[in-house]
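Colleague: With chain A fixed as given, assemble chain B onto it according to the hints.
In the order they appear, the protein sequences are chains A and B. Every position in the first sequence, counted from 1, becomes a number in this note's numbering once 641 is added. Every position in the second sequence, counted from 1, becomes a number in this note's numbering once 136 is added.
Take the hints with a grain of salt, since some may be wrong.
[Claimed, not checked] Here are the simulated DSS-like pairs of lysine-lysine, each with C-alpha atoms no more than 25 Å apart in a straight line:
no., chain 1, residue 1, chain 2, residue 2
1, A, K721, A, K885
2, A, K1296, A, K1417
3, A, K1361, B, K279
4, A, K1361, A, K1092
5, A, K1138, A, K1213
6, B, K279, A, K669
7, A, K695, A, K721
8, A, K669, B, K287
9, A, K855, A, K919
10, B, K254, A, K1361
11, B, K287, A, K1361
12, A, K976, A, K960
13, A, K669, B, K218
14, B, K279, B, K218
15, A, K660, B, K218
16, B, K147, A, K669
17, A, K660, B, K287
18, A, K660, B, K279
19, B, K279, A, K658
20, A, K827, A, K992
21, B, K279, A, K1296
[To be verified] Label-pair distances were calculated between CB atoms; the ranges are:
no., chain 1, residue 1, chain 2, residue 2, range
22, A, R1298, B, L288, 30 to 36 Å
23, B, E257, A, T1094, 29 to 35 Å
24, A, T1428, B, T196, 39 to 45 Å
25, A, R1298, B, S256, 14 to 20 Å
26, B, T196, A, T943, 44 to 50 Å
27, B, P154, A, T1428, 50 to 56 Å
28, B, E164, A, E808, 50 to 56 Å
29, A, G1426, B, T196, 45 to 51 Å
It is worth saying that the hints were derived from the structure and are not from the lab. C-beta atoms are modelled at their ideal positions from N, C-alpha and C, and glycine is treated no differently.
Residues per chain, in single letters:
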Amino acid sequence: MALRTSPEVGGMGHSIKRKEDPRFIRGKGTYVDDVQLPGMLYLDIVRSPHAHAKIVKIDSAKALATPGVLAVITGQDLAKYNLHWMPTLMSDTQMVLPVEKVMYQAQEVAAVLATSRYAAADGAAVVEVEYDPLPVVVDPHKALLPGAPVLRTDKKDKKDNHIWHWEWGDRAATDRAIAEADVTVKQDIYLPRIHVASIETCGCIAHFDKVDGKLTVWMTTQAPHAIRTVFALVAGHVGLEEHKIRIISPDIGGGFGGKVPVYPGYVIAVAASVLTGKPVKWIEDRMENLQADSFARDYHITAELAAKKDGTLIALRIKTLADHGYADAAANPSKFPAGLFHVCTGSYDLKAAHVEVDGVYTNKPPGGIAYRCSFRVTEAVHTIERMTDLMAHQLNMDPAELRMKNFIKPEQFPYKSALGWEYDSGNYAGALRKAMDMIGYADLRREQVEKRTRGVLMGIGISSFTEIVGAGPSKHFDILGLKMFDSCEMRIHPTGKAIARFGTKSQGQGHETTYAQILAEELGIPAKDIQIEEGDTDTAPYGLGTYASRSTPVAGAAAAMAARKIRDKARKIAAHLLEVAEDDLEWEPGKFSVKGAPGKSKTIQDIAFAAYTNHPQGMEAGLEAVSYYDPPNLTYPFGSYICVVDLDSGTGEVKVRRFVAIDDCGNIINPMIVQGQVHGGLTMGLAPALFEEISYDEHGNVQGGSFIDYLVPTAVETPKWETGHTVTPSPHHPLGAKGVGESATVGAPAAIANAVVDALWHLGVRHVDIPITPAKVWKLLREHGVTG
Amino acid sequence: MRVQLSINGEKHEADVEPRLLLVHLLRENLRLTGTHIGCDTTHCGACTVLMDGRPVKSCTVFAVQANGRQLMTVEGLEQDGKLHPLQESFMSEHGLQCGYCTPGMLMTGYAFLQKNTKPSEDDIRRAISGNLCRCTGYVNIVKAVQHAAVKLQGGA
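One chain only, chain A, in its complex shape:
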């Protein structure tokens, strides 16, 4: 896309430096735990050592005798206000604090309120809870067996652990196509529980002002407006009505989906503040964060892919068990309990597909949210990309060739997939070709052949993913009934400077910079002259927040539309000032000129001043607009990644030698920021591919509950990413943009897994579940006769 603005204006396509950085590099950001109010109290939480147990007794005496401790709050206390249970975003219910039993290890059991952080922890350490252990259900397959203990005994008519069944696509046509196919491949794929592990954990300060009855909550949330509404719906009956609730989401130290749900700690802090009239701070520690907050994935998938002998892919069938823990606390659009998993036909022109998912209760924390991904898209991409590779190897075709043969062609867009999505635009072959050229694909294949003759293990893996982001059109997309539009409200001041506020909330994506660039592009006002604000529900327009790569596709579009409304009014004012008809004016970023007389013009700054000092009679003064943007479709970013791995046959270690990522997110707002998003996303793709997993033993004890054994990659394990892009604009987005924050997280794991299997295929290895740890590879090598 050609640049339409100067570097000084800094519209679309300029790598301008970020406006948020000056405070962050000085340590002057304001994160939730940095807020300290006079008289503030601290909350600490007592958590269950058992995965499933009756609560026989909670003895608070010792805690209450601890210096500084003011109160111990239990489920019984909250039950008096009917606040001991709360709804999840998926219209299930979860406990705030238990009255009868606990359902997972690390579940909240009681809360201690004290005058200091340390006193609260002292108190929590001596709350004595007597438990009566119950049988634990860890495996979702076993949870569905007849005779399995029914976990949700709170639900009167519940006779099993099955939450919901959901299916999509043409079952009969898919079954027929698979039965008649020349070749089929079938594979069980497990995508384990993982955790976003943003470096800032979750927390809040709730401050209820007893005089004016207003609750202010500084909170680590990606969706402040929706949270305000949820609070009002849950606590309206105790006097917390929506106009008396203010949610402030200050600087957020990484979100990635983990800061979308409402966690019990927030609700307890609010209740404690309402009861005491004092500000109450709750900040979870890392172990609480990993062990109790919403997890991602935990999908047990069985997939079958069918093809003709010549490699033409024809049909895909998927069955999945979704382990949701003891409550479905996912953050999905309400119509889609498995999120957008049915984008699983990926980048390929498949004629038939059918997908079914069953949600299951187990004794684990409730979830699942996304891990930097738009509603289960990673699960979909991993499945189709693993299956495509399996098919290629089965047919003895090069995986790149099989992909090229089956890609949806550029001329097929807009493309209606077998599962009903309308892909907006794409050039999949272009991206893969560019990645192959950049990495030197043919040479690598030759090197691999040569190395195999010497017993050296090297693999090449491809992932040609298609994402689906920017939820979403109100016809199909809502969360708890709230339609998934988003918003921008812009005001231009008399001197031509501006402020714009949004319904989203940046957690590192750089909205203060990129939104200003969009507005600069549309109005010609320099990005540095536009202040961007988000995250305060008292000032920002209502919106559904930042997750699922929706900020650019939805709120970014709202910015363009608000700016265009302002431009329409500016045209009227310019015509008045220049004493010409509106039709006689032409726009270039920053000014209106009279057609044929370019010297006769008014800048946007002149017009802004006139809007307050010399506006036409009969027109309202001022220059501002608001847009609530309801996208007509989702956007479909895509890319092709190629990864080269070397395997150490002695230790089983997988070393990523090179990783080339070609992304296409449509028109680019800020190339520097886009590249940064891809770097980060790739690292959050590497992490679950090789290192991260939260698993449970048969008693429901969490493994991977601290950074000691939940292995977030450091700079040493992280390869030097090589990135590039192609540009295929979205035809329906006002800026032609698509969103990019999550593409790399979605696309990378399959490339790495495919590379490892590619290295081991000749030994008879067909699949490895992620994370591909040295232990797993070492075991596989020994099973297949490689002794190092």
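Modeller: Positioned in the frame of chain A, the structure of chain B alone reads:
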């Protein structure tokens, strides 16, 4: 217990519980909130500060252990209104996103560049391996440290 210490060149005294962590002394008693907390196990490095010039993770140092020491936090990098070259490089090379790990990265990078003035990429990656970043994928952090090294040597 009474502790006396110097932070960013300024003398401070405080009465503290023996168990008070240094990070809480800095953040809550002295309101130097640039130093962050990201874990409880000395893994993430968001709380890194310099004690007598050496990077330490202030979530696992008691305030009393800092008695009589010279401390430096992220707030001490800027001198007389002039940013340290490392801070400038983090901005110019896009070495930060959410900003949460940034103060720890800056302090680790600052101490590292005192010792190693011409670091290789691998040197830098090893040096910052005690600091986790979830946003950047480290590429631009490495570049920022390299860039700062050149600047500190009087280069561009």
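Colleague: Taking the hints in turn, state whether each one holds.
Modeller: Checked hints:
1. A:K721 x A:K885: Holds, because 22 Å separates the two Cα atoms, which is no more than 25 Å.
2. A:K1296 x A:K1417: It holds: about 14 Å lies between the C-alpha atoms, which stays within 25 Å.
3. A:K1361 x B:K279: Distance ~11 Å between A:K1361 and B:K279 Cα, so the pair holds.
4. A:K1361 x A:K1092: It holds: about 23 Å lies between the C-alpha atoms, which stays within 25 Å.
5. A:K1138 x A:K1213: Holds: A:K1138 and A:K1213 sit about 19 Å apart, inside 25 Å.
6. B:K279 x A:K669: Answer holds: B:K279 to A:K669 is near 23 Å, not above 25 Å.
7. A:K695 x A:K721: Holds: A:K695 and A:K721 sit about 20 Å apart, inside 25 Å.
8. A:K669 x B:K287: Measuring from Cα to Cα gives roughly 24 Å; hence the hint holds.
9. A:K855 x A:K919: At roughly 12 Å apart (the allowed maximum being 25 Å), A:K919 and A:K855 satisfy the hint.
10. B:K254 x A:K1361: Holds, at roughly 19 Å.
11. B:K287 x A:K1361: Answer holds: B:K287 to A:K1361 is near 23 Å, not above 25 Å.
12. A:K976 x A:K960: 19 Å, holds
13. A:K669 x B:K218: 15 Å, holds
14. B:K279 x B:K218: 21 Å, holds
15. A:K660 x B:K218: It holds: about 18 Å lies between the C-alpha atoms, which stays within 25 Å.
16. B:K147 x A:K669: Answer holds: B:K147 to A:K669 is near 21 Å, not above 25 Å.
17. A:K660 x B:K287: 23 Å, holds
18. A:K660 x B:K279: This hinted pair holds, its Cα atoms lying about 20 Å apart.
19. B:K279 x A:K658: 15 Å, holds
20. A:K827 x A:K992: 18 Å, holds
21. B:K279 x A:K1296: 22 Å, holds
22. A:R1298 x B:L288: 30 to 36 Å: 32 Å, holds
23. B:E257 x A:T1094: 29 to 35 Å: For A:T1094 against B:E257, whose Cβ atoms are near 33 Å apart, the range 29 to 35 Å holds.
24. A:T1428 x B:T196: 39 to 45 Å: 42 Å, holds
25. A:R1298 x B:S256: 14 to 20 Å: 18 Å, holds
26. B:T196 x A:T943: 44 to 50 Å: Cβ of B:T196 to Cβ of A:T943: about 45 Å, so the range 44 to 50 Å holds.
27. B:P154 x A:T1428: 50 to 56 Å: Given range 50 to 56 Å: holds, Cβ gap about 55 Å.
28. B:E164 x A:E808: 50 to 56 Å: 53 Å, holds
29. A:G1426 x B:T196: 45 to 51 Å: Given range 45 to 51 Å: holds, Cβ gap about 46 Å.
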